[in-house]
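Chemist: Residue numbers (this note's numbering), protein chains in the order written: chain A, 8 to 301; chain W, 120 to 441.
Derived by calculation from the structure, the hints in this document are not laboratory data. Remember, it's a predicted structure, so these values are computed and weren't measured experimentally. Glycine residues also receive a C-beta, built at the ideal position from the N, C-alpha and C atoms. One or more of the hints may lead you astray.
List time: in silico SDA-like cross-link candidates among lysine to any residue, alpha-carbon distance up to 20 Å [as the list claims (entries may be wrong)]:
hint, chain 1, residue 1, chain 2, residue 2
1, A, 298, W, 237
2, W, 395, A, 124
3, W, 395, A, 122
4, W, 311, A, 105
5, W, 311, A, 104
6, W, 395, A, 125
7, W, 206, W, 273
8, A, 298, W, 239
9, W, 153, W, 397
10, A, 298, W, 235
11, A, 298, W, 240
12, W, 311, W, 299
13, A, 298, W, 236
14, W, 311, W, 323
The following residues of chain W were derived to be distant from chain A, with all beta-carbon distances above 12 Å [said to hold, decoys possible]:
hint, residue
15, 128
16, 133
17, 268
18, 285
This is what each chain is made of:
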Amino acid sequence: MTWQLFVFMLINGLCQGMLLFIIASGLSLVFGVLRVINFAHGSLYMIGAFLAYSLSTILAGESLMGFLILLMIVPPAIAIIGFVLEVSLFRRVYRQEHLLQLLLTYALVLILDDLVRVIWGGEPRSVTRPDLLAGSVNIFGMALPSYNVFILIVGPLIAFGLWFLLYRTRTGNIIRAAVSYPDTLGALGVNVSWVMTSTFMLGCWLAGFGGVLTAGLSNIDLGMGMQTIIECFAVVVIGGLGSVGGALLGSLIIGTGLTFFQLPFGRWALVFPYALMALVLVVRPWGFFGKPER
Amino acid sequence: MDDMTSSSRAGWITGITVTVVLFILPIFLGQLGKTGEYWIWVCTEMIIMALFAMSLNLILGFGGMVSFGHAAFFGVGAYTVALLMKKADFPLYLALAAAPLVAAIAAAIVGWFCVRLLGLYFSILTLAFGQLLYMIVFQWYTFTGGDDGLHGVPRPEILGPVNYYWLCLILFVICFLIIRMIVNSSFGLSIKTIRENMERAKFIGINVRRYQLLNFIIAGAFAGLAGGMLCELNRFAQTEFLHWSKSAEPILASLVGGMYSLAGPAIGSSVLIFLKIFLQQVHRSMVEVWAIVLGVLLLVVVLFAPQGLVGLYQNIFKKSQS
Chain A
8 MTWQLFVFML
18 INGLCQGMLL
28 FIIASGLSLV
38 FGVLRVINFA
48 HGSLYMIGAF
58 LAYSLSTILA
68 GESLMGFLIL
78 LMIVPPAIAI
88 IGFVLEVSLF
98 RRVYRQEHLL
108 QLLLTYALVL
118 ILDDLVRVIW
128 GGEPRSVTRP
138 DLLAGSVNIF
148 GMALPSYNVF
158 ILIVGPLIAF
168 GLWFLLYRTR
178 TGNIIRAAVS
188 YPDTLGALGV
198 NVSWVMTSTF
208 MLGCWLAGFG
218 GVLTAGLSNI
228 DLGMGMQTII
238 ECFAVVVIGG
248 LGSVGGALLG
258 SLIIGTGLTF
268 FQLPFGRWAL
278 VFPYALMALV
288 LVVRPWGFFG
298 KPER
Chain W
120 MDDMTSSSRA
130 GWITGITVTV
140 VLFILPIFLG
150 QLGKTGEYWI
160 WVCTEMIIMA
170 LFAMSLNLIL
180 GFGGMVSFGH
190 AAFFGVGAYT
200 VALLMKKADF
210 PLYLALAAAP
220 LVAAIAAAIV
230 GWFCVRLLGL
240 YFSILTLAFG
250 QLLYMIVFQW
260 YTFTGGDDGL
270 HGVPRPEILG
280 PVNYYWLCLI
290 LFVICFLIIR
300 MIVNSSFGLS
310 IKTIRENMER
320 AKFIGINVRR
330 YQLLNFIIAG
340 AFAGLAGGML
350 CELNRFAQTE
360 FLHWSKSAEP
370 ILASLVGGMY
380 SLAGPAIGSS
390 VLIFLKIFLQ
400 QVHRSMVEVW
410 AIVLGVLLLV
420 VVLFAPQGLV
430 GLYQNIFKKS
440 QS
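Please construct the entire structure, taking both the sequences and the accompanying hints into account.
Modeler: And the structure:
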């Protein structure tokens, strides 16, 4: 392996990892505060991607402006869908057993995925990249797709934004308090159910954001939600349920691992996330950054 | 005590009546020509999926362990039958006997790791192992045929649609009685104790992990048999049999039917399949929106009737189990 190939694969792997992080961090955040594993997260991500596709055909989004508009409109739209779902459905099952919560979100997967099929049909689609991001950039004498570089810049920005929000603002303090001591937080006069709703919306916003970015990167189809949600589970399990930092580590491991294992193992590399997920659960069920609980 | 014997006698009478009706059913359906043949096929699938749902309920309802990887053992059973009959020319009865055995071995390996974890972590690990097996079957083209699946599983000549229906029905009744025996045995009571209060079960000297593992293996074996039966019915095995969305099917069936009863999952499974086929017959476009119908139905059950159909029945007729 030449070092150019190495760098090339590393960039691709990190790019995949960053994309995965944007989606998985939302799942992890929602689990941390709501204690619900949201199977429907993948479906919301898929809806984000398909919405981006539809909007891009309207906007004729070959200009950078069009693409930025997608990034500004679609994620909030998904957040609004999240708001409706949280207020009308999720709220009713917080005090129920895990199984019922899981089945509620699974019911949403069935409904949302089929809605996407009915609305957009089965064939794969893609969003044309804006001109500015369609070419390639020269780094170290190598031509790298500029869209991947774009994701590599946006990903860390999102990660930094999340860190700043969670650890440097009052809102973040409240969210973290809701993770550890929801009852005390309520006693202090904070509206905990509003904290839950807004965290859920933030998670959905991240899913929508990931959806738009994916639509520009590769073909989008009906299976993407189901596939991604399982990869997100792997990421979140490896990093630790509820830990955003863990999600970052987990997604970078999965992203780079998938890319690098493709060289010696070919398509068998796809087994890697599940094998690693099983291994982590067996050895250290609470993940790298999680805390052992109950 | 008197009440118990009378309710168990009522159970026997219902059971025998239903079995007799199911035995006679294909004779009537056979008169209907092509549609009848189709409905015999549907009923066979219902019986098989009912067994699959009941196998899961051993760990789900009675054991309180939510497995999202149960389809893995269903799929292992299906592929066992397909591989043995296609590549090794095994007769059907040997292949069907091997399916639960191989599935039990797979369940023993997977379960050994899984029962070490509790609650949500158990669920996610079963999901991980299930997807791992799915991926292996998916990628191993030379052995399993990859995403093409294995087609053209041979069918013995004496087993026409009706005879195969009867074979499945007989196997189902035997399995039902075995599962009933397991649930009512001291082993079954211990499993229920673990579900209700694990600490207490440990305290009175139940080896929780060993019981859970054994239960997991038994459930896997029955799932394997169901998978083998479905493989022979469709005469193919495909990767979808192992996918995690297949694992969700018996969970939904158990939820809809009622997971704290023996027959609930079987009823739930049959109702769901019947509803699906019925809606498809009513209008072709219903095929497209079936998942939406199922999802909405599931939402309603989760929000308003978490005890399922059997629970509703008991509520309406004021029959309390405890």
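Chemist: Quick one, are residue 311/W and residue 105/A close enough, alpha carbons at most 20 Å?
Modeler: Holds - the C-alpha atoms of residue 105/A and residue 311/W are around 18 Å apart, at most 20 Å.
Chemist: Assess, step by step, whether the Cα of residue 298/A is no farther than 20 Å from the Cα of residue 239/W, and give holds or violated.
Modeler: holds, 14 Å
Chemist: Between residue 311/W and residue 323/W, does the CA-CA distance stay at or below 20 Å?
Modeler: Given that 20 Å is the threshold and the Cα spacing comes to 14 Å, the pair holds.
Chemist: Measuring Cβ to Cβ, find out whether residue 128/W lies farther than 12 Å from everything in chain A.
Modeler: Consistent with the label, residue 128/W stays out of reach of chain A, its closest Cβ about 33 Å off (over 12 Å).
Chemist: Has the given pair, residue 395/W with residue 125/A, been kept, meaning a C-alpha gap of at most 20 Å?
Modeler: Since the Cα atoms of residue 395/W and residue 125/A sit roughly 17 Å apart, the hinted pair holds (cutoff 20 Å).
Chemist: Is it correct that the beta-carbon of residue 268/W has no partner in chain A closer than or equal to 12 Å?
Modeler: holds, 17 Å
Chemist: Can you confirm whether the C-alpha distance between residue 395/W and residue 124/A stays at or below 20 Å?
Modeler: The given pair, whose Cα atoms are some 18 Å apart, holds under the 20 Å limit.
Chemist: Does residue 235/W lie within 20 Å of residue 298/A when you go C-alpha to C-alpha?
Modeler: holds, 17 Å
Chemist: Hint check: residue 153/W vs residue 397/W, CA-CA at most 20 Å. Holds or violated?
Modeler: holds, 16 Å
Chemist: Do the alpha carbons of residue 395/W and residue 122/A lie within 20 Å of each other, as the hint requires?
Modeler: holds, 17 Å
Chemist: Classify the label on residue 285/W as holds or violated, using whether its beta-carbon is more than 12 Å from each beta-carbon of chain A.
Modeler: holds, 34 Å
Chemist: For residue 133/W, is the shortest beta carbon distance to chain A beyond 12 Å?
Modeler: About 28 Å separates residue 133/W from the closest Cβ of chain A, which puts it past 12 Å; holds.
This entry satisfies every hint, going by the numbered hints stated previously.
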